[in-house]
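Peer 1: Residue numbers for the sequence shown, in our numbering: -4 to 299.
The hints are simulated quantities; they were obtained by calculation from the structure and are not laboratory data. Note that this is a predicted model, so its numbers are computed, not measured. Where a beta carbon is used, it is the ideal one built from N, C-alpha and C, also for glycine. It cannot be assumed that every hint is accurate.
Claimed, not checked - Cβ-Cβ distance ranges computed for the label pairs, FRET-style:
1. M60 with H260: 46 to 56 angstroms
2. E6 with R116: 43 to 53 angstroms
3. D26 with G153: 26 to 36 angstroms
4. A287 with V263: 28 to 38 angstroms
5. A281 with G234: 18 to 28 angstroms
6. R144 with A84: 15 to 25 angstroms
7. P232 with V158: 12 to 22 angstroms
8. R52 with A258: 43 to 53 angstroms
9. V263 with A55: 21 to 31 angstroms
10. G153 with E102: 40 to 50 angstroms
11. L29 with A287: 18 to 28 angstroms
12. E51 with F283: 22 to 32 angstroms
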Amino acid sequence: MISTTDRQRDEIVHVIVLNWNGEEDTASCLDSLLAQSGVTLEILLIDNASPDGSGERLHARYPAMCYLQTGENLGYAGGNNRGIEWALARGAEWVMVVNNDTVADPECVKELLAAAASEPRLAAVAPLIVRYEDPGVVWFAGGLHDRVRAVGTHSHHGEPVHVATGSANGRAASWRPCSFLTGCCLFFRSSALREVGVFRADYFAYVEDLELSMRLSQADWRIGWAPSARLAHRVPPFGSPPTPMQIRLRDRNRRRLVREQYALHWKVLFALWFWPTRAAHLVRYAVFRDWARASAIVTGMTER
(Lines of atoms letter the chains of each structure in order from A and count residues from 1; the text may use other names and numbers.)
(Lines give C-alpha, C1' and ligand atoms only; values in the text may rest on other atoms or scores of the structure.)
Protein backbone atom coordinates (compact mmCIF):
# COMPACT_ATOMS: atom_id res chain seq x y z
CA MET A 1 0.00 0.00 0.00
CA ILE A 2 1.33 3.47 -0.97
CA SER A 3 1.15 6.01 1.86
CA THR A 4 0.06 9.63 1.47
CA THR A 5 3.60 10.77 2.24
CA ASP A 6 5.01 8.50 -0.48
CA ARG A 7 2.54 9.93 -3.01
CA GLN A 8 3.49 13.47 -2.01
CA ARG A 9 7.17 12.70 -2.43
CA ASP A 10 6.39 11.68 -6.04
CA GLU A 11 4.76 15.06 -6.71
CA ILE A 12 7.23 17.87 -7.30
CA VAL A 13 6.41 21.30 -5.93
CA HIS A 14 8.11 24.13 -7.81
CA VAL A 15 8.97 26.85 -5.30
CA ILE A 16 9.82 30.44 -6.24
CA VAL A 17 11.82 32.73 -3.94
CA LEU A 18 12.38 36.31 -5.08
CA ASN A 19 15.35 38.25 -3.71
CA TRP A 20 15.99 41.97 -3.72
CA ASN A 21 18.77 43.19 -1.43
CA GLY A 22 17.86 40.58 1.19
CA GLU A 23 20.77 38.17 1.28
CA GLU A 24 20.59 36.87 4.84
CA ASP A 25 16.78 36.74 4.99
CA THR A 26 16.72 34.95 1.64
CA ALA A 27 19.35 32.46 2.81
CA SER A 28 17.29 31.66 5.92
CA CYS A 29 14.22 31.14 3.74
CA LEU A 30 16.09 28.86 1.34
CA ASP A 31 17.59 26.84 4.18
CA SER A 32 14.12 26.26 5.62
CA LEU A 33 12.87 25.09 2.23
CA LEU A 34 15.82 22.75 1.79
CA ALA A 35 14.92 21.23 5.17
CA GLN A 36 11.32 20.38 4.18
CA SER A 37 10.22 16.82 4.87
CA GLY A 38 7.72 14.54 3.17
CA VAL A 39 7.74 16.39 -0.15
CA THR A 40 9.98 16.91 -3.18
CA LEU A 41 10.85 20.50 -4.08
CA GLU A 42 12.45 22.16 -7.06
CA ILE A 43 13.45 25.65 -5.93
CA LEU A 44 14.04 28.61 -8.19
CA LEU A 45 15.93 31.55 -6.74
CA ILE A 46 15.19 34.76 -8.63
CA ASP A 47 17.10 37.99 -8.17
CA ASN A 48 15.31 41.22 -9.10
CA ALA A 49 18.54 42.98 -10.14
CA SER A 50 19.64 43.65 -6.54
CA PRO A 51 22.07 46.59 -6.64
CA ASP A 52 23.93 45.24 -3.59
CA GLY A 53 25.07 42.13 -5.49
CA SER A 54 23.22 39.77 -3.16
CA GLY A 55 21.78 37.79 -6.06
CA GLU A 56 25.18 36.69 -7.33
CA ARG A 57 26.40 35.91 -3.81
CA LEU A 58 23.33 33.78 -3.13
CA HIS A 59 23.82 31.99 -6.44
CA ALA A 60 27.39 31.16 -5.40
CA ARG A 61 26.14 30.10 -1.96
CA TYR A 62 23.59 27.68 -3.46
CA PRO A 63 25.25 26.55 -6.70
CA ALA A 64 23.00 23.54 -7.22
CA MET A 65 19.82 25.62 -7.03
CA CYS A 66 18.09 26.91 -10.16
CA TYR A 67 18.77 30.62 -10.54
CA LEU A 68 17.31 33.43 -12.63
CA GLN A 69 18.53 37.02 -12.85
CA THR A 70 15.78 39.32 -14.13
CA GLY A 71 18.17 42.11 -15.13
CA GLU A 72 15.83 44.80 -13.74
CA ASN A 73 13.61 45.30 -10.73
CA LEU A 74 10.25 43.95 -11.86
CA GLY A 75 8.65 44.27 -8.44
CA TYR A 76 6.90 41.51 -6.55
CA ALA A 77 4.42 40.84 -9.35
CA GLY A 78 6.77 40.89 -12.33
CA GLY A 79 9.59 39.02 -10.61
CA ASN A 80 7.35 36.23 -9.36
CA ASN A 81 5.62 36.03 -12.73
CA ARG A 82 8.97 35.14 -14.25
CA GLY A 83 9.21 32.29 -11.79
CA ILE A 84 5.66 31.09 -12.38
CA GLU A 85 6.29 31.09 -16.13
CA TRP A 86 9.47 29.06 -15.55
CA ALA A 87 7.55 26.51 -13.49
CA LEU A 88 4.65 26.21 -15.92
CA ALA A 89 7.06 25.75 -18.82
CA ARG A 90 8.51 22.78 -16.94
CA GLY A 91 5.08 21.18 -16.64
CA ALA A 92 4.65 21.95 -12.94
CA GLU A 93 1.45 20.74 -11.29
CA TRP A 94 2.05 22.72 -8.09
CA VAL A 95 3.67 26.15 -7.83
CA MET A 96 4.52 27.88 -4.58
CA VAL A 97 5.44 31.56 -4.32
CA VAL A 98 6.95 32.55 -0.99
CA ASN A 99 8.44 35.78 0.33
CA ASN A 100 12.17 35.73 0.98
CA ASP A 101 11.69 37.13 4.51
CA THR A 102 9.94 34.00 5.76
CA VAL A 103 11.01 30.77 7.43
CA ALA A 104 8.93 27.63 6.87
CA ASP A 105 8.26 24.91 9.42
CA PRO A 106 9.76 21.58 8.26
CA GLU A 107 6.36 20.22 7.20
CA CYS A 108 4.86 23.44 5.84
CA VAL A 109 4.98 22.52 2.15
CA LYS A 110 3.83 18.96 2.81
CA GLU A 111 0.76 20.28 4.63
CA LEU A 112 0.02 22.79 1.87
CA LEU A 113 0.25 20.05 -0.74
CA ALA A 114 -2.07 17.80 1.25
CA ALA A 115 -4.62 20.59 1.59
CA ALA A 116 -4.44 21.58 -2.09
CA ALA A 117 -4.74 17.98 -3.27
CA SER A 118 -7.80 17.35 -1.09
CA GLU A 119 -10.11 19.57 -3.16
CA PRO A 120 -10.01 19.56 -7.00
CA ARG A 121 -11.36 23.12 -7.26
CA LEU A 122 -8.98 24.57 -4.70
CA ALA A 123 -6.85 26.93 -6.81
CA ALA A 124 -4.60 28.33 -4.10
CA VAL A 125 -3.96 27.78 -0.42
CA ALA A 126 -1.89 29.73 2.09
CA PRO A 127 -0.35 28.59 5.35
CA LEU A 128 -1.03 29.94 8.80
CA ILE A 129 1.52 32.77 8.95
CA VAL A 130 2.89 33.83 12.32
CA ARG A 131 5.15 36.68 13.38
CA TYR A 132 8.79 35.61 13.24
CA GLU A 133 9.73 37.35 16.48
CA ASP A 134 6.64 35.97 18.27
CA PRO A 135 5.50 32.69 16.66
CA GLY A 136 2.56 32.37 19.02
CA VAL A 137 0.91 35.40 17.38
CA VAL A 138 -0.96 35.31 14.07
CA TRP A 139 -0.01 37.54 11.14
CA PHE A 140 -2.34 35.81 8.62
CA ALA A 141 -4.96 33.12 9.15
CA GLY A 142 -7.15 33.53 6.12
CA GLY A 143 -8.27 36.85 4.70
CA LEU A 144 -11.28 38.83 3.60
CA HIS A 145 -11.86 41.11 0.64
CA ASP A 146 -12.90 44.45 2.11
CA ARG A 147 -14.83 45.75 -0.89
CA VAL A 148 -15.40 49.28 0.39
CA ARG A 149 -11.67 49.89 0.95
CA ALA A 150 -10.57 47.63 -1.95
CA VAL A 151 -8.00 45.79 0.15
CA GLY A 152 -7.47 42.33 1.54
CA THR A 153 -7.64 42.16 5.34
CA HIS A 154 -5.95 39.58 7.55
CA SER A 155 -8.31 37.52 9.67
CA HIS A 156 -7.21 36.88 13.27
CA HIS A 157 -4.32 39.32 12.93
CA GLY A 158 -2.58 39.73 16.29
CA GLU A 159 -4.51 36.91 17.95
CA PRO A 160 -2.90 33.90 19.65
CA VAL A 161 -2.50 30.98 17.28
CA HIS A 162 -4.74 28.66 19.29
CA VAL A 163 -7.59 31.19 19.03
CA ALA A 164 -7.30 31.43 15.26
CA THR A 165 -7.13 27.68 14.72
CA GLY A 166 -9.61 26.71 17.41
CA SER A 167 -7.15 24.07 18.58
CA ALA A 168 -5.36 23.90 21.90
CA ASN A 169 -2.10 22.87 20.25
CA GLY A 170 -2.50 25.26 17.31
CA ARG A 171 -2.80 22.48 14.76
CA ALA A 172 -5.68 21.39 12.55
CA ALA A 173 -5.92 19.02 9.59
CA SER A 174 -8.28 20.77 7.18
CA TRP A 175 -8.17 23.82 4.96
CA ARG A 176 -10.61 26.66 5.43
CA PRO A 177 -12.15 28.90 2.75
CA CYS A 178 -11.57 32.64 2.58
CA SER A 179 -11.91 35.47 0.05
CA PHE A 180 -8.37 36.85 0.08
CA LEU A 181 -4.91 35.27 0.15
CA THR A 182 -1.79 37.24 0.94
CA GLY A 183 1.08 37.15 -1.53
CA CYS A 184 3.46 36.36 1.33
CA CYS A 185 2.98 32.67 0.54
CA LEU A 186 0.72 31.18 -2.10
CA PHE A 187 0.55 27.50 -3.04
CA PHE A 188 -1.06 27.26 -6.49
CA ARG A 189 -2.65 24.52 -8.56
CA SER A 190 -1.07 25.16 -11.95
CA SER A 191 -4.26 24.43 -13.91
CA ALA A 192 -5.91 27.40 -12.18
CA LEU A 193 -3.01 29.68 -13.13
CA ARG A 194 -3.14 28.46 -16.72
CA GLU A 195 -6.84 29.32 -16.81
CA VAL A 196 -6.94 32.75 -15.12
CA GLY A 197 -3.37 33.99 -15.58
CA VAL A 198 -0.65 35.23 -13.25
CA PHE A 199 -0.17 38.43 -11.24
CA ARG A 200 -0.84 41.77 -12.87
CA ALA A 201 2.73 42.87 -13.59
CA ASP A 202 1.68 46.53 -13.92
CA TYR A 203 0.72 46.55 -10.23
CA PHE A 204 4.43 46.04 -9.39
CA ALA A 205 3.66 45.42 -5.70
CA TYR A 206 0.67 45.60 -3.32
CA VAL A 207 -2.96 44.66 -4.06
CA GLU A 208 -1.82 42.28 -6.83
CA ASP A 209 -2.61 39.36 -4.49
CA LEU A 210 -6.19 40.59 -3.98
CA GLU A 211 -6.63 41.13 -7.71
CA LEU A 212 -5.57 37.54 -8.42
CA SER A 213 -7.72 36.23 -5.55
CA MET A 214 -10.70 37.96 -7.16
CA ARG A 215 -10.01 36.54 -10.61
CA LEU A 216 -9.74 33.01 -9.22
CA SER A 217 -13.03 33.37 -7.33
CA GLN A 218 -14.76 34.87 -10.36
CA ALA A 219 -13.70 31.80 -12.39
CA ASP A 220 -15.36 29.52 -9.79
CA TRP A 221 -12.12 28.37 -8.22
CA ARG A 222 -11.87 28.16 -4.45
CA ILE A 223 -9.14 29.64 -2.26
CA GLY A 224 -8.31 28.97 1.37
CA TRP A 225 -5.74 28.56 4.11
CA ALA A 226 -4.35 25.52 5.90
CA PRO A 227 -4.07 25.83 9.71
CA SER A 228 -1.69 22.85 9.87
CA ALA A 229 0.88 24.54 7.57
CA ARG A 230 3.05 27.03 9.40
CA LEU A 231 5.25 29.86 8.16
CA ALA A 232 7.02 32.60 10.14
CA HIS A 233 7.22 36.07 8.58
CA ARG A 234 9.61 38.87 9.48
CA VAL A 235 7.30 41.87 9.71
CA PRO A 236 7.59 45.39 11.17
CA PRO A 237 6.44 45.97 14.75
CA PHE A 238 2.76 46.61 15.41
CA GLY A 239 1.81 50.19 14.62
CA SER A 240 4.66 50.87 12.18
CA PRO A 241 3.60 53.54 9.67
CA PRO A 242 3.46 52.65 5.96
CA THR A 243 6.38 53.73 3.82
CA PRO A 244 5.83 56.31 1.08
CA MET A 245 6.18 53.57 -1.54
CA GLN A 246 3.54 51.45 0.19
CA ILE A 247 1.16 54.41 0.32
CA ARG A 248 1.62 55.27 -3.35
CA LEU A 249 1.35 51.74 -4.73
CA ARG A 250 -1.50 50.59 -2.51
CA ASP A 251 -3.64 53.63 -3.30
CA ARG A 252 -2.85 53.55 -7.00
CA ASN A 253 -3.49 49.82 -7.27
CA ARG A 254 -6.72 49.80 -5.29
CA ARG A 255 -8.00 52.52 -7.63
CA ARG A 256 -7.02 50.35 -10.60
CA LEU A 257 -8.80 47.37 -9.08
CA VAL A 258 -11.98 49.34 -8.50
CA ARG A 259 -11.87 50.92 -11.95
CA GLU A 260 -11.43 47.59 -13.73
CA GLN A 261 -13.36 45.07 -11.65
CA TYR A 262 -16.02 46.77 -9.53
CA ALA A 263 -19.71 47.19 -10.28
CA LEU A 264 -21.03 50.76 -10.23
CA HIS A 265 -22.53 50.70 -6.73
CA TRP A 266 -19.25 49.40 -5.27
CA LYS A 267 -17.35 52.10 -7.14
CA VAL A 268 -19.57 54.70 -5.48
CA LEU A 269 -19.07 53.21 -2.01
CA PHE A 270 -15.31 53.06 -2.55
CA ALA A 271 -15.21 56.69 -3.69
CA LEU A 272 -17.20 57.82 -0.65
CA TRP A 273 -14.58 56.20 1.58
CA PHE A 274 -11.39 56.74 -0.43
CA TRP A 275 -11.36 60.43 -1.30
CA PRO A 276 -12.28 61.86 2.13
CA THR A 277 -9.80 59.59 3.93
CA ARG A 278 -6.98 60.42 1.49
CA ALA A 279 -7.66 64.12 1.96
CA ALA A 280 -7.52 63.67 5.73
CA HIS A 281 -4.22 61.78 5.50
CA LEU A 282 -2.79 64.45 3.22
CA VAL A 283 -3.65 67.19 5.70
CA ARG A 284 -2.20 65.19 8.58
CA TYR A 285 1.10 64.54 6.80
CA ALA A 286 1.32 68.17 5.73
CA VAL A 287 0.72 69.40 9.27
CA PHE A 288 3.62 67.27 10.51
CA ARG A 289 5.74 68.26 7.47
CA ASP A 290 6.03 64.66 6.37
CA TRP A 291 6.44 65.66 2.75
CA ALA A 292 7.50 62.22 1.50
CA ARG A 293 4.24 60.62 2.65
CA ALA A 294 2.19 63.65 1.62
CA SER A 295 3.64 63.39 -1.87
CA ALA A 296 2.90 59.65 -1.91
CA ILE A 297 -0.74 60.37 -1.05
CA VAL A 298 -1.03 62.77 -3.99
CA THR A 299 0.64 60.35 -6.40
CA GLY A 300 -1.53 57.48 -5.20
CA MET A 301 -4.63 59.57 -5.86
CA THR A 302 -3.59 60.61 -9.36
CA GLU A 303 -1.33 58.01 -10.95
CA ARG A 304 -3.03 55.75 -13.47
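Peer 1: All hints, please: hold or fail.
Peer 2: The hints, checked one at a time:
1. M60 with H260: 46 to 56 angstroms: holds, 49 angstroms
2. E6 with R116: 43 to 53 angstroms: violated, 18 angstroms
3. D26 with G153: 26 to 36 angstroms: holds, 28 angstroms
4. A287 with V263: 28 to 38 angstroms: holds, 31 angstroms
5. A281 with G234: 18 to 28 angstroms: holds, 21 angstroms
6. R144 with A84: 15 to 25 angstroms: violated, 37 angstroms
7. P232 with V158: 12 to 22 angstroms: Holds - the Cβ-Cβ distance for P232 and V158, about 21 angstroms, lies within 12 to 22 angstroms.
8. R52 with A258: 43 to 53 angstroms: Roughly 49 angstroms apart at Cβ, these two residues keep to the hinted range, so it holds.
9. V263 with A55: 21 to 31 angstroms: violated, 55 angstroms
10. G153 with E102: 40 to 50 angstroms: About 25 angstroms separates the Cβ atoms of G153 and E102, which means 40 to 50 angstroms is violated.
11. L29 with A287: 18 to 28 angstroms: violated, 39 angstroms
12. E51 with F283: 22 to 32 angstroms: Violated: the Cβ-Cβ distance is about 41 angstroms, outside 22 to 32 angstroms.
The structure shown violates the earlier hints numbered 2, 6, 9, 10, 11, 12.
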